[in-house]
Amino acid sequence: MDVSARGGSVATAAQRGAAFLALWLVLLPSLAPGDLAVGVIASGLATAASLALLPPQRGGVRFVPLLAGIPRFLWQSIVAGVDVARRALAPNLPLATGFVDYRSALPRGHARNAFATITSLMPGTLPCGEHADAIEFHCLDVEQPVVAQLAEEERRLAAALAPDAAHG
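For the sequence shown, our numbering assigns the number 20 to the initial residue and increments by one for each residue that follows.
In case anyone wonders, no lab produced these hints; they're calculated from the structure.
The model shown is predicted, which means the values in this text are computed figures rather than measured ones.
All C-beta atoms in this analysis are idealised placements derived from N, C-alpha and C, irrespective of residue type, glycine included.
Estimated spans, in silico, between C-beta atoms of each pair:
no.: 1; residue 1: Leu145; residue 2: Ala87; range: 22 to 30 Å
no.: 2; residue 1: Ala56; residue 2: Gln34; range: 15 to 23 Å
no.: 3; residue 1: Gly117; residue 2: Leu50; range: 52 to 60 Å
no.: 4; residue 1: Gln34; residue 2: Ile60; range: 16 to 24 Å
no.: 5; residue 1: Leu50; residue 2: His157; range: 45 to 53 Å
Make the full structure from the sequences, and use the hints.
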């Protein structure tokens, strides 16, 4: 591991450790020394497990585009929920269910997983598998422009990711 990679790993470990400790502090009823000691130990163990299960990767996030995408993300979540409720309460709505393969330009790992998570909140779509360079989506209506919608979501996510994270 080169120095820059080691520095990134140390920074990632410090950030994760601080986040776990902050969560511990929020959950504490008091700041008794014994509770703090247990919190430091638990945070250290959680950080070690986190680094083992989800190793640091190159890249990062551009916060302005990420924050700009939050309203759209929330709106998509609401629309998806309403769409599912509408279809459940009005079973006579026409469905053209099926599967769509989407070839993502995002590399496997954090970026592609984030994309799959975000797109799971698109109305009528759910990522259900992955093969080769494609993510498989189950769609309630394959007659909709699903691939175009997925491409737009991928473009928005890639804009929020630093180049190393978005393109490998």
